[in-house]
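Undergrad: Residue numbers (mature numbering (1 follows the signal peptide of the UniProt record, and there is no 0)): -21 to -1, 1 to 404.
The set of hints was computed from the structure by calculation and includes no laboratory data.
Any given hint might turn out to be false.
With beta-carbon atoms standing in for the labels, derived distance ranges [said to hold, decoys possible]:
id: 1; residue 1: 344; residue 2: 370; range: 34 to 44 Å
id: 2; residue 1: 166; residue 2: 403; range: 41 to 51 Å
id: 3; residue 1: 370; residue 2: 32; range: 54 to 64 Å
id: 4; residue 1: 34; residue 2: 212; range: 22 to 32 Å
id: 5; residue 1: 216; residue 2: 173; range: 52 to 62 Å
id: 6; residue 1: 98; residue 2: 341; range: 20 to 30 Å
In the SDA-like style, the derived pairs of lysine to any residue whose C-alpha atoms are separated by at most 20 Å in a straight line are [what the hints assert, rightly or not]:
id: 7; residue 1: 55; residue 2: 89
id: 8; residue 1: 222; residue 2: 384
id: 9; residue 1: 370; residue 2: 399
id: 10; residue 1: 55; residue 2: 36
id: 11; residue 1: 54; residue 2: 33
id: 12; residue 1: 35; residue 2: 222
id: 13; residue 1: 264; residue 2: 243
id: 14; residue 1: 35; residue 2: 15
id: 15; residue 1: 167; residue 2: 54
id: 16; residue 1: 228; residue 2: 36
id: 17; residue 1: 275; residue 2: 155
The C-beta atom is built at its ideal place from N, Cα and C for all residues, glycine as well.
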Amino acid sequence: MTGWKKVVGTGLLLSGAVVLAACGGNEDTSSSTDQTDFTGDSLTIGVWGGNEAEEKSLDEMIQSFEEATGATVEKKVYTDYNTQIQADMAGRTAPDVFYVDAYMFPWFSENGTLAELDPANFESEQFYDSLIDAFTTSDGQLQAVPKDMSTLALYFNTAIFEEAGVSIDEVPDTLEAYVEWLPSFQEKINEAYGDGNVFAMSYNQDMARNYHLATRENAQPINEDGTANLADPAVVDNLSILKELVDTKAAVTPQDIGTGWNGEAFGSGKIAIMDEGNWVYETLKTEFPDIPFVVKEMPTYKGTEGSMMFSVGWGKYVGTEKSALADKWIQHATGQSGMQAWVEGTGTLPSRQDVADAAKITENSDLNVHLEAWDYATIWQKGTTLDTINKAYQNFLPNALNGNMTFEEAMEAADEQANADITAN
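Produce the complete structure using the sequences and hints provided.
TA: As structure tokens, this is what we get:
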């Protein structure tokens, strides 16, 4: 795992010193794995609001946990998660266990809010290595257990391809070849649907989607000290493919065509190809059942496979007084049966290989594309300044893509803004 250095200036609510002091870093969070009866005990879990399927699955998990342990579980749902949970930590009212997004893990860890977990107690060997690594510190402490994961893959609207008279087999395997192929595909789409009604592909101006491109050939968009390095020539060269795609007039953002996100743009029949996470799979099946689609691997770029990986883990608050019960919850939620119930109820991907097999996700050709991407996808995580740098990136990338600035100028401006914000905080 790539380690990180502590950098002041996360763009978040509280300073490290405040959180460390609030956590009370000397609490004993060791726990026994032998205790099974927790009758009369209570546990608070911190989560953000999910969709209907997630809410139902979490409530069912709580019920089964209460039946198995005799404990009661209080669910604390945050509407502004990162801000509110940090305020609770400062006030010593943080939940006993709580969601830890992989991209936020470095901040929570470095500010002393997470208790160390014994890998042996949580069957860490059953999890995909890259996910366990994402929640392990540079000195080898496991501090959260991944409850699920998501990766990006390509979705193809087969009806649009058929109407345009183009076979999916004609789609290039490399992103570089897309630049040459897209104009002719868009021309055939225009012939079938009229100009400006349907587009060949969508893209996003979020570094969370583009980070795997930025880092090709070992380029470093973020320095080891946490400062922005987007204007580095290697990073600019990697990201310039986005400008080339936009210049084909065949690649648009969902907002360009009056929709809120990829799933809506694709589901409304306005996009032939999108790269999206597996969370869109059930949305398409339930909300847009008339849209036929298949899922394929992301195109290679600069000779290598690539995608993005996102994960959320369960972490234990270092100040909890319910350490043993907290461990039991994490074991329950991330154990084989608990995770299988979760992924089957929510449509998320498991972070354990044995659950992928048990839930028969490997037998679903579409979802298995997402699953297999774990081996080469780039985790959305890099130190404590990632969010600050992403905001600057999103502010200036449009200027590079619309021609108002060169790519170099736009990334230099993004670096300047991000590093000023990092220094100020």
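Undergrad: Evaluate each hint against the coordinates.
TA: Status of the hints after comparison with the structure:
1. Between residue 344 and residue 370 the C-beta distance comes to about 37 Å, which sits within the given range of 34 to 44 Å.
2. Residue 166 and residue 403 have their C-beta atoms about 49 Å apart, which keeps the hinted 41 to 51 Å range intact.
3. Distance hint check: the CB atoms of residue 370 and residue 32 are about 30 Å apart, inconsistent with the given range 54 to 64 Å.
4. Between residue 34 and residue 212 the beta carbon distance is about 47 Å. The supplied range of 22 to 32 Å is therefore violated.
5. Separated by about 37 Å at the C-beta atoms, residue 216 and residue 173 break the suggested range of 52 to 62 Å.
6. Roughly 25 Å separates the CB atoms of residue 98 and residue 341, a value that falls within the hinted 20 to 30 Å.
7. As the CA atoms of residue 55 and residue 89 are separated by approximately 24 Å, the hinted pair breaks the 20 Å bound.
8. Simply put, residue 222 and residue 384 have alpha-carbon atoms about 11 Å apart, close enough for the 20 Å limit, and the pair holds.
9. Between the alpha carbons of residue 370 and residue 399 the distance comes to roughly 12 Å, so the proposed pair stays at or under 20 Å and holds.
10. Between residue 55 and residue 36 the CA atoms are separated by roughly 15 Å; this keeps the pair inside 20 Å, and the hint holds.
11. Among the hinted pairs, residue 54 with residue 33 is consistent with the structure: their alpha-carbon atoms are about 13 Å apart, no more than 20 Å.
12. Of the supplied pair hints, the one linking residue 35 and residue 222 is violated, its CA atoms being roughly 42 Å apart against a limit of 20 Å.
13. Simply put, residue 264 and residue 243 have alpha-carbon atoms about 12 Å apart, close enough for the 20 Å limit, and the pair holds.
14. Distance hint between residue 35 and residue 15 is unfulfilled; the C-alpha atoms sit about 25 Å from each other, more than 20 Å.
15. Only pairs whose Cα atoms come within 20 Å are accepted, and residue 167 paired with residue 54 is rejected, the gap being roughly 52 Å.
16. Straight-line distance between C-alpha atoms of residue 228 and residue 36 comes to about 42 Å, which puts the hinted pair past the 20 Å bound.
17. Between the alpha carbons of residue 275 and residue 155 the distance comes to roughly 17 Å, so the proposed pair stays at or under 20 Å and holds.
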